[in-house]
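*Asks:* The lines below spell out each chain.
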Amino acid sequence: MSRSDTPIRNRIRTLRFHHDEMTQQELADRVGVTRQTINAVENGRYAPSLEVAFRIAAVFDVPLGEVFQYEPGSA
Amino acid sequence: MAIPNSEGSHIRPTPPSPFTIHASFAEKSVWIQLISLTLGLGLYVVVAGSMLRGGTDVLIAYMPVFVVAVLFIVAVNVVGHIAVAIASRPNGPDERDRLIGWRAESNCSWILGAGVIAAIGGMIAGVGEVWVAHLLLLSLFVAEVVKDIIQLVYYRRGMSL
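Taken in order, these protein sequences are the chains called A and E. In case it helps, the numbering used here puts the first sequence at residues 1 to 75. In case it helps, the numbering used here puts the second sequence at residues 1 to 161.
Hint data in this document are derived by calculation from the structure and do not stem from the laboratory. Bear in mind the structure is a predicted one, so any value in this text is a computation, not a measurement. Be aware that a few hints might be false.
Among chain A residues calculated to face chain E with C-beta under 10 Å, some are [what the hints assert, rightly or not]:
no.	residue
1	ASP5
2	GLN25
3	GLU26
4	ALA28
5	GLY32
6	VAL33
7	ALA40
8	VAL41
9	GLY44
10	ARG45
11	TYR46
12	SER49
13	ALA57
14	GLN69
Yeah, the Cβ is synthetic: ideal placement off N, Cα and C, and Gly gets one too.
Using the sequences plus the hints, can you model the full thing?
*Replies:* This is the structure in structure tokens:
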């Protein structure tokens, strides 16, 4: 498990897997950010803005809470 | 290493990006700026330093060296950005790039401020214009270099520092 800098956990890797192994680049293109930003979010090195978080959830067609979970004290 | 998820499948986590290949265009741009500034103004500091030691106290005498340094910085920036744009996909900055830039700028703006205050103090104390100008230039240079370094740290280590 990679080191996480934020108290926000995410299931992006799992969701990408369940969407035909969607690539980070494909997700980044659909969200409108760089692939490096998706990588940073996925590995817990960057907490995205609310708008980007909603866009990620919209790509996977799931509620926001299924993508991101707030776990205070875990950073 | 593959890890089981809640559905029982095994998903291989995507490893953090290795530095050299997967840096974003904005991060590569910071590297180019850092290298060009260090080389260009480093060169200027070496030449101007020897002129100062030699007793040159007329500000205009430093202008040709400064112009060459600025042209060198611009040339390295242009060539570097063209090379990076050809070699990789040029993306515009996204929210993370902008946040990193803003936060780095915020963290090092005091350096330029300190330089300006020191320069004003120097003027009050009657220090020559050559020294005042170079103090201002040095503080601008150091502030920019520190900003670039902080940005690179944020890109590599995250922003929780």
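*Asks:* For each hint, tell me whether it holds in the structure or not.
*Replies:* Quick rundown of the hints versus the structure:
1. ASP5: ASP5(A) check passes; min Cβ-Cβ to chain E is 4 Å, inside 10 Å.
2. GLN25: Holds: closest Cβ of chain E sits about 9 Å from GLN25(A), inside 10 Å.
3. GLU26: At about 13 Å, which exceeds the 10 Å cut-off, the nearest Cβ of chain E leaves the hint on GLU26(A) violated.
4. ALA28: holds (9 Å)
5. GLY32: holds (7 Å)
6. VAL33: holds (4 Å)
7. ALA40: holds (6 Å)
8. VAL41: holds (8 Å)
9. GLY44: Hint holds; GLY44(A) Cβ to chain E Cβ min 8 Å, cut 10 Å.
10. ARG45: holds (4 Å)
11. TYR46: At about 6 Å, which falls below the 10 Å cut-off, the nearest Cβ of chain E leaves the hint on TYR46(A) intact, so it holds.
12. SER49: Holds. Min distance 5 Å.
13. ALA57: violated (16 Å)
14. GLN69: At 12 Å from the nearest chain E Cβ, GLN69(A) fails the 10 Å test, so the hint is violated.
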